[in-house]
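K.L.:
Chains as they are written, first to last, in the numbering used here: chain A, 1 to 104; chain B, 1 to 649.
Because the hints were derived from the structure by calculation, they are not lab data.
Among the clues, some could well be false.
Just a few of them, taken from the derived set where beta-carbon distance is under 10 Å, the chain A residues facing chain B [stated by the list, open to error]: (1) Ala33; (2) Pro35; (3) His48; (4) Thr49; (5) Gly56; (6) Glu64; (7) Tyr68; (8) Val71; (9) Arg73; (10) Thr78; (11) Gly94; (12) Pro95.
Listed below are the simulated DSSO-like cross-link pairs for lysine-lysine, each with C-alpha atoms no more than 27 Å apart in a straight line [as the list claims (entries may be wrong)]: (13) Lys83(A) / Lys43(A); (14) Lys336(B) / Lys83(A); (15) Lys409(B) / Lys294(B); (16) Lys43(A) / Lys626(B); (17) Lys43(A) / Lys419(B); (18) Lys67(B) / Lys87(B); (19) Lys83(A) / Lys419(B); (20) Lys87(B) / Lys111(B).
Quick reminder that beta carbons are idealized off the backbone N, C-alpha and C, glycines included.
So the chains spell out like this:
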Amino acid sequence: MRVWRSAVPAFVGWQILLLVTSAQAQEPAAGAANPGRELVASKCFQCHTDAMFRDGRQDRRGWEATIYRMVGRGGLWTADEIKSMADYLGDALGPNAKPIGPAK
Amino acid sequence: MRELVTRYLSNGISRRGFVKSLTKAGLTMTAAQSVLGSVNSVSLAQAPAAAPTVPAAPAAAAVGAVKSFQGTGGACFAEQLIASGVKYVFGNSASEDAQFYEALVDRPQLKYILTPHEGPGAAMAAGYIKASQEPAIVMQAGSVGMVNAIGQIFNAFKEQTPLVVYSYRTDQSRRAGRDGFEEIPNQEQVVQPITKYSWMAHRADMIPETVRRAFKAAWTPPYGPAYIDWHSDYTEERVRTDIIAQDQLDPRMRVRPNPDEVERAAQLLVEARMPLMIVGDEIYKAKAAAKAIKLVELLGMPVTQFRQLWANFPEAHPLWVGNTPGGTLASLAYPKNADVVLNVGNKLQHNGAAPIVPRGPKFIDLRIDFNSIGNVMVTEVPMVADVGYGLDDLIAAVEGMLTPALRQKAAERAEEVRKFGVQARALRGQIVNSPDWDSAPMIADRVTYEVAQFADPDAIIIHEAGSHAIHSFDFNPIGGRELFFYYGGHLGSGVGTAAGVKLARPNQQVIALIGDGSFIFGPTALWNMARLELPVIVIIYNNHAYGGPHSRVINNVPSGRMVQTGHFVHDYLGNPDMDMAAIARGFGVDGEIVRSPGELRQALARARAHTIEGKPYLLDVQVGRKGVGWAEKPWIPPIQVASLRTKKV
Chain A
1 MRVWRSAVPA FVGWQILLLV TSAQAQEPAA GAANPGRELV ASKCFQCHTD
51 AMFRDGRQDR RGWEATIYRM VGRGGLWTAD EIKSMADYLG DALGPNAKPI
101 GPAK
Chain B
1 MRELVTRYLS NGISRRGFVK SLTKAGLTMT AAQSVLGSVN SVSLAQAPAA
51 APTVPAAPAA AAVGAVKSFQ GTGGACFAEQ LIASGVKYVF GNSASEDAQF
101 YEALVDRPQL KYILTPHEGP GAAMAAGYIK ASQEPAIVMQ AGSVGMVNAI
151 GQIFNAFKEQ TPLVVYSYRT DQSRRAGRDG FEEIPNQEQV VQPITKYSWM
201 AHRADMIPET VRRAFKAAWT PPYGPAYIDW HSDYTEERVR TDIIAQDQLD
251 PRMRVRPNPD EVERAAQLLV EARMPLMIVG DEIYKAKAAA KAIKLVELLG
301 MPVTQFRQLW ANFPEAHPLW VGNTPGGTLA SLAYPKNADV VLNVGNKLQH
351 NGAAPIVPRG PKFIDLRIDF NSIGNVMVTE VPMVADVGYG LDDLIAAVEG
401 MLTPALRQKA AERAEEVRKF GVQARALRGQ IVNSPDWDSA PMIADRVTYE
451 VAQFADPDAI IIHEAGSHAI HSFDFNPIGG RELFFYYGGH LGSGVGTAAG
501 VKLARPNQQV IALIGDGSFI FGPTALWNMA RLELPVIVII YNNHAYGGPH
551 SRVINNVPSG RMVQTGHFVH DYLGNPDMDM AAIARGFGVD GEIVRSPGEL
601 RQALARARAH TIEGKPYLLD VQVGRKGVGW AEKPWIPPIQ VASLRTKKV
């Protein structure tokens, strides 16, 4: 038997940039305003580091289900916000997205 | 005289009755008044007019304050347990405790519950104590039993449960000191860092005194576990000793806060732009939730809670803004601009470098647990007190300061908080819109939701479901659904805790929500449920994996070789899959495997039918593995002994 650590990683600013920058590079219109990306950066990174996302590869539906799991943990987002985040993550971190690579 | 003073100080006798008894005992009226004056001056730190909000220390039943007793050490042990108010002894068998078992035969008021493993046995004792707020003891066979119980002693230490633990030591007269069978040096020191008191009785006639001190230490706030032992030949030795009622030793640690600090705290609260209250387990222990409600309603103050054992505030109250989801106040969606934070009874267990309450807001900390006040957070106003008395005094001080303008401001703030609460409730309710909602195997959130729809309005929910979120229950410590969370984090406590809670609260529905990994650490209390006819509903979230450690390992080594190859050595519990319903049947508990939402509803109905008949029931609910890096059929390390076998034996 052992103690089960239930860590919630702290916010680390540079890691957000890593995700946003890496994901941005794969978008057709790099640099354009993307409400989904901004929502992920502002909402998800209150509790998670980018490490929780970097290795995730799933389609939009999978990301949407993931976001709804966070609703059960206290995440408060409107249906539109959930849709925007799922759209963005499904594009940027879809099944065929290239690996982002380890943090430096 | 001492007993009379004790009764007066603990509100067991009125002032008039106290004086009358003194004169009846032969004192003049002048002398009696003088005694009264002295006693009152001693009791200023207490509250003679108000009922104590923390339960009194365990009281003796049907014995005088001091009784001379002659018998074996084991009989002395039993007599003192009775005098300390103990009804249940949770234990695993030890031949060295024979004289104690012998003493139980003619003392039916002391009931022994045989637990087939020391860990779940200790969890059952702790569950009983937490649900009844009454004393109990758990005992094991020497050092070997003690080490099995250490995990639950750890939990009791972290959650501040007054669990008293005993195990014998190798006998002094024949064997001790040779590094002999099952002997370790300084046995009681093994648990010293995780107990409030660990002590060995040095003579047989000191057994009762050692027992009393253990209960005193455990039940003096802030609560915590205590450990005692003695050489096993003391249990056999015949001695004469005093058996003393436990209330004769209670230091009555039910203190009021410093009035100056109360004034400072009240001033900060009434002048705050956006005050915020954090609630914690001392509120539950002091039964002070109604007082917390009164204070927040006076101030229009939002309420949140960090990880605790219990839910300490009604979650349907308009000023409740939800549990804080992350490790610090920054993760709270609302309010974002708290300028004064009042913590009432939350130990604020850190799990990161950042202080839970950031440096900006002024911080008021009201707790009896003086040890942890000021350790991390800068504390503007420390208030060491029983939180019930502290809230009483804060309420009185705030009421005295509130002007009509301030009341108006508080009302406007309350309305703003209420609007947030309505919106947050609607947003939380969206969980049913998950695209996986109807999937089979189920998502954990669907299981939780269905159980929440099913549970009685005053159900007790034991939660040891790993990293699965708990939601939808609307817990309410004032007559509603109660939560018993696995705060300590040593797993294997859930089944035992549920059994102990049901023993203490036989007339409330008890539902245990347990992850498969947690369950398999401690299922043996199922046998206690079957034998004692404890009708608990046990629900296993069975994803055949350690889901939490899987995700956190990826978080710790992102994009590493584990992710690239899918070779995770530490997390997959399938192939072969464990059948928890079959395990339950082995312990005498009926159960079934559940695979879909439709099956779950029908299975819950069967579970209810079983509990109505006084029988426990287990649902082995198949839950999908969710998160990064899970393959349909996870890889398992290629360790195969078959290729090494040269003999068919």
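K.L.:
Can you list which hints this structure breaks, lowest number first?
P.N.:
Hints 1, 2, 11 and 12 not satisfied by this model.
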